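Trainee: As a plain string of letters, each chain reads:
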Amino acid sequence: MSEFSLAGWRLERRIEQSRFSRPIGLAVALVGAILVCSVLFVSAGANPLTAFATLAKGSFGSLRVTGETLVKATPLIFTGLAACVAFRARLWNIGAEGQVFAGAMFAFWMQHNLGGYPALVQIPIVVAGGIAGGALYAGLAAVLKTRFSVDEVISTVMLNYIIVYVLSMLLLRGPWSEAGGFFEQSARIDRGAVLPIVLAGTRLHAGFLLAIVAAVLVYFLLKRTPLGYEIKAAGSNLRALDVQGTNTRRLILVVFLVSGALAGLAGVTEVYGVQYRLKAGAIAGYGYSGIIVAILGQLHPAGVVVAAILFGALLNGAILMQITTGVPSALIYAVQAILLLFFLAGWAACNFRLRRIADA
Amino acid sequence: MLDTLFQASILVSIAAATVRIATPLLLAALGELVAERGGVYNMGLEGMMLMGAFTGYLAAYESGSLWVGVAAAGFTGALMAFVFAVMVITLKVEQIVTGLAVNLLGAGLSTYWLRAAFAGDGQTPTIPFFANAPIPYLSELPYVGPVLFDQKLITYLAFLMVPAVWFFLYRTRYGLILRCAGDNPKALDVKGIAVAPVQYAAVVFGGLMAGLGGAFLSVGSAARFVPEMTNGRGWLAIIIVIAGLWRPWSILVAALLFSFLDALQLQIQGIGIAIPYQLLLMMPYVAAIVALMVRRSRASAPAMLGVPYLRE
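Line by line, the protein sequences are chains W and S.
Here numbering that gives the first Met the number 0 is used: position 9 in the first sequence is 8, and no number is missing along the way.
Here numbering that gives the first Met the number 0 is used: position 219 in the second sequence is 218, and no number is missing along the way.
Careful: at least some of the hints might be erroneous.
As the list claims (entries may be wrong) - Estimated spans, in silico, between C-beta atoms of each pair:
{"id": "1", "chain 1": "W", "residue 1": "Pro22", "chain 2": "S", "residue 2": "Arg310", "range": "23 to 33 Å"}
{"id": "2", "chain 1": "S", "residue 1": "Pro226", "chain 2": "W", "residue 2": "Gly325", "range": "41 to 51 Å"}
{"id": "3", "chain 1": "W", "residue 1": "Gly179", "chain 2": "S", "residue 2": "Pro226", "range": "23 to 33 Å"}
{"id": "4", "chain 1": "W", "residue 1": "Tyr228", "chain 2": "S", "residue 2": "Ile176", "range": "55 to 65 Å"}
{"id": "5", "chain 1": "S", "residue 1": "Ser8", "chain 2": "W", "residue 2": "Leu34", "range": "54 to 64 Å"}
{"id": "6", "chain 1": "S", "residue 1": "Ile274", "chain 2": "W", "residue 2": "Pro22", "range": "51 to 61 Å"}
{"id": "7", "chain 1": "S", "residue 1": "Pro124", "chain 2": "W", "residue 2": "Ala127", "range": "14 to 24 Å"}
{"id": "8", "chain 1": "W", "residue 1": "Val38", "chain 2": "S", "residue 2": "Ser220", "range": "30 to 40 Å"}
Bear in mind the hints are in silico, worked out from the structure with no lab data behind them.
Computed from a predicted structure; not experimentally measured.
Ideal placement from N, C-alpha and C gives every residue a C-beta, glycine not left out.
Using the sequences and the hints given, assemble the complete structure.
Mentor: Right, here's the structure in full:
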């Protein structure tokens, strides 16, 4: 049922969208999201205006915090691109979260066994390790889907839970734990494997540039390559592609490998660019946020970069907000979900219009 | 050491733990079953359970009454399910994406409000939790008594919901209408029965049950709320519905199998067999993937599951 009627008004589906409906829908969604966030601020006993102001100041107020915003955006660009590639093909890879872990772990494993080589050797190995780890873990979900018909939403979510325990096993009194350390983390990584800082006075590291390069590559992949064409075709009708003669099993595997590789890089840049240690707390949460980033970015690489920087700003600004107004920074995760819900509803609402029943 | 695992008293305690641990899984899975029978994939189950656990805890803490907590949890689950229903049934937004949004909302809001409510304290205060309510005479039966008849009231409720949901689905007119909404909504429409209200009711009921399942975790056993305390149980409930082939009794069996694994690992940890505890904790998730690899047929799934109904 697509029609509701209430007090002489009826909600009905539009045949075609008007030129204005989409921007208006988005604007209404944004206002709605801001209003709900204000209510949340008040629920924590803070003045919404002050809270929004400190949020902005904490994210773009100076060179240092702007750099920090981009640092926070870096893993989100990778996970956003990961979701972007998979969702374009309507393959629901919810596993970026676990693939971030797998990338960081595989890179750490390769670099850890290597020893103190110069950066020119170590950094490419770490990057390759991240790509391989993320791709392998995502490939597992692809094989489960194509060979065992296990739904990818469920397998990737389960794999997300499983790898957290695997990492914990390796780090807590395991082969990777810091000698004599008390916390569940590795020792500090070798200086030669650290991603270099690219903007003096900030913590902005080479991983950000890598993320931008990845976004450009994904853009060309989707726009200019046969694989990109197949991905988009799979998104509109996988069965038709199958009938047409494309090996869809192979396509599903390739999409998962690419998506997982991108997610794996998020783990690498976080561990080797920011934390300099392998620990679960440092890499958790980026996979799920990346899905929101991808959808808000309209599954377009440029949109992903913009949305990731916005979310990086939220994460970063929340730190100052917590210090000055006492609003817990955990709010940001709720805000991300609220933004997503409002935008989804806003876009969908563009397909409807209200009419007086008497006019119809 | 292994033979200690097979003593009668230990087997009884594993069986009793299995029944206890099955409670939240069973509540959420039966709710999901009703929603999916109506044709809607509620992927937001995890978030609804988590918010149920949180509001249940907070309401019980503020009011001093555990039953107020349970009611608040059920209401919160239903409210979130209503939002979900507006998005997927009326606005026809992608069900998977909306479900994820609801999960993230649950995780974010519960952590945020927990920190806002108990700012400064490192530890959140504990509340009294539901004591066992042994059933007179029955609970004194050897073996069976402690396993089945010395549990919490919510556990009895969860297990009684199995025949109740079965009866509703297969023996009532409304159950028939609901199954029709999932299998052939057009037929329903032709008969002059609107599909959307049926699906709304099914989804909201599913959210209510998920909220109650969440309440069992916080108010029912842990006596406090911990961020992310559902730890994938909402997802396991979805898997239990698939592994249980969308049938109430098979779902009961699947829920018991999963909770048996959990009960077993608790016992193994308890007697100190030298296995890394992380390996034990990941067992249900591995088992879930294996279960889906074995149960490959989706022939018994509602025919139009996950497909929004568009009226021509």
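Trainee: Which earlier hints can't be squared with this structure?
Mentor: The structure breaks hints 2, 4 and 7; every other hint is satisfied.
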